[in-house]
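Participant: Each chain, letter by letter, is given below.
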Amino acid sequence: MPNNLGDGAGAKADGTGGRAHAEFVERWRDAAYGCYSSGHKFCREVCPVTQVTRNENHTPTAFHADIVAMEQGLLDVGDVADDFVHCTQCGACELRCPNTLFTGDFYRHRTRTVEVVKAMRAFMVDAGHEQPGWKRWIEQLVDAHSEPVLGAVPVEQEHVADWAAGLDLPVGGEAVLFVDCEAAFYRTSYARAIAQLLKAAGVEFGLMREQWCCGGPAAEMGYVEQARAFAEHNVADWRAVGARTIIAADPHDYIAFTEDYPSYFGDDYEFEIVLAVELVADLVRDGRLTLTEPIERVVTYHDPCRLNKRKGVHAPPRDLLRAVPGLTFVDVDHVTQWSYCSGAGGGLQVEKPEITAEISRRRVERAAGLEVDTLVSACPWSERPLAAAGDEQGIEVMDLFELVAEAAGIEVGGSTGVPVAREGLQ
Amino acid sequence: MSVATRAPFDSEVVTELRAIIGDDQRVLPNISSRVNRTRVPAPFPVHRWADFVPDVAVLPTTAEEVSEVVKLANRLRIPVVPRAGGTGLADGAVPLRGGIVVDVKLMNQIKEIDLTDRTVTVGTGINMLKLNEELKRYGVIYPDNPASYPCSIVGGRIGTGGWSLLGARYGHTRDLVMSMELVLPTGEIIEVGDGGGRKLRKSSTGFMLKQLFMGHQGTLGIATEATLELVPRPECEFSAFFAFDDYMKAYGTAGAIARSGLATLAGVVLFDEWKVRYLRRDDEAYIEQPADVVSVVAVALYGTRAEVEPASRRVMELGRSEGGRYLGDEISQGDWASRHDRYATPLHGRRRDGQVVPMCWHCEDAALPYSALPKVREEWHALVARYIERYDIFDDWGMFAYTNGAYKPWGDYLVEIDVGIWEQELNDDNWAAWVNLKREIAEVSLAHGGSITACHGATREGDAELVPTELGSAWQVVKAIKRTLDPNNIMNPGKQMLDEAYAEEVRT
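Each protein sequence line maps, in turn, to chains A and B. All letters in the first sequence, in the order written, are residues 1 to 426 by the numbering used here. All letters in the second sequence, in the order written, are residues 1 to 508 by the numbering used here.
So that you can see chain A by itself, here it is in the shape it has in the complex (with noise of 0.2 Å):
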């Protein structure tokens, strides 16, 4: 039968597509048919991205199948890096599909779309078709060690820690806490909390020499050889001060220490990675930190996606929801919002950031039709397009640590981030 796609249909597979394409194909092609066999994208309408694009392109099956489609030799790398932006690597496909949750048992097996995309990122890299706004996002952060969240203004390595000013915080020591580019530069309001919080409880901790960026957006992006890079740096300054433990304050943070470091070091990788929202939450219920200020605020909370769908961390925060005086929680389980999202994550704000923008409206939305005046995040890359999105519809938009430590009597001080517009964020 003839077809429409031209003389050179099937040659991509067979040569013009070269080693690269050959050797992608065959270390994703079997995960990929798990996908495509089965072929019912349970998925697709709790993705965020395309709940807003209802473009089937942009869809976690059509990740699997674009894999499948270059091994037919109908597609290569170029054909689909537009398609693979379109992903915030929130996890919720995983979640959701039926391999996943009904094949796991006896396989073990996860369908992994993230680490797909993030291949095919990467792959997209070595392959000359960078995206210009990642692009000139990694050149930045590579640049300045941390990355260009003040848009237009620079980040300055020697200003890394100035939100702890007057905290008194040393540096080094046993446990490490690990403060994002986002939350040092831009939301230092979190930063400032989620310290002073450990301080109160009389834990011992103290900041890097040298704080890089934790690399992961910049896996994210497809930039493996600088995120490494970063790693490197980050780990050599944890072992300088002599670090055992490392509190990582950020969801992001989290799962670059938890996933993307023990890739890169293997055994030779000694740190226990402390998640600072269970930490707290344990504080709390030992009663180490004990929370007495009442806030009469009506609140909902909004999942992180790092922290619910690729950690299945839901409970801890919601635990200190409850535990803070005066607050009414209106609660929406973490499996509804397996389909809800900032779109802040996996740099689709910095190529795409209408799309973040939308994904943001329509969370803060479904906030306020719980008739809330508060919507609570756990994540700082939430919390500025939430924030936007929270200004245009009347809901404020809190960090938990802000609010619990204003519970716990703490003078936060810092600052919740000035808008920075959004071509200032490329």
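Treat the hints with care, since some could be wrong.
[Said to hold, decoys possible] Under the rule of at most 30 Å between Cα atoms (straight-line distance), these lysine-lysine pairs were calculated in the DSS-like manner:
hint: 1; chain 1: B; residue 1: Lys130; chain 2: A; residue 2: Lys311
hint: 2; chain 1: B; residue 1: Lys408; chain 2: B; residue 2: Lys136
hint: 3; chain 1: B; residue 1: Lys408; chain 2: A; residue 2: Lys311
Think of the hints as simulated: they come from the structure by calculation, not from any bench.
Position chain B relative to chain A; hints supplied.
Facilitator: Showing chain B alone in chain A's frame:
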């Protein structure tokens, strides 16, 4: 004869489409957009993927845009293939001759919720689960509940004439869609319902046009808006699974429950011996049962507590009346609750020698009288066994039979045989074998007074050739309707042997 066929695609067409749609993000001539709108979950000849790729996809947001796209296609004799969820099991949304895919997924708005006259009006790109998430707060549901409930879309349900797992209680898609707006193959926008009303459940004015536009597999137009039934959110759900040591006892029990007259009965499902054997052998979520369990009957009731509680006691009596053993609350409630996730999960099947290999699942459906179930079951399994013997890429995963009639579950059944296919091994010979197997399965159904399909559609080779046979003396009417509404055969051409409508035109 002026029939749309595959022809070199003029890039001017893309320019015209962009002018109609007015947003380049919604006119997609790029290769990945086309490749990703080629297949559906039905077994697909992967090695011939390129043969089915459309020329361009458009994502309209209004009926007017759809209308203009279709008018353009009709003027230029370009095939148009409607696509909703792309989750069908019979290739309705697979382009056979290239052309323009009209993807309706962006038309997913809820336009009106009418709690007084009990309707909801939606764009046809909406998914039922998403719709029900919004309806929850009003205490109502739209109860169209296929296995693909989390991902299929109203437009596709209309196009395929969908069947619902709760259909015995609440009706199937054709009962639940009260009226719709659609774009005809010549581009006119019309509204069809019962008579002239959009929110009526019964009328005697004119022809009953609504059903003509149900289950046509995208060959008669594109539904762009639908007004749907709202039913009270059920206060109570009851499900029960019964195990049997003999298929005929299970068959008899399923029949007895279906004939019980219980108004809250939402459905009865019968698992045959091959199905139980398969679950025991290879289902990752199978909960161990004694070896004498060879067949299973599942029952579900929905309604008010006042109805469901006494009805559940009657179901428990009937379920045990021929030796059935209740499988307990955990399986009964858990298996029923997870029914959507269970329908397409296998990642593997087995070759003849028992070797595990990656396989995709295909479910071949038919509508059959209750009386024919035991015999058809034997003949279908024998057929599949013959193909397994000859082509070592198939596996028999057993049969389900579900009550089929809306509100009247007693007389006929949606019957499915699940066949595992080692898709990576497909080549022209193996694909031809699969098509022949499908055809033979369909021939058995027809020989026993059944229909080729209860809900998937007879749209692909293997089934399609038998459509004229099944429709018999009515086939000429079908062809006349198709030719009248779609004079240039642009609407999903090549499906269901409808090309014959135009062949006759040539002869005359």
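Participant: Each hint: holds or not?
Facilitator: Hints, verified against the model:
no., hint, in the structure
1, B:Lys130 to A:Lys311, "holds, 25 Å"
2, B:Lys408 to B:Lys136, "holds, 27 Å"
3, B:Lys408 to A:Lys311, "violated, 47 Å"
The structure fails hint 3 only (numbered hints given earlier).
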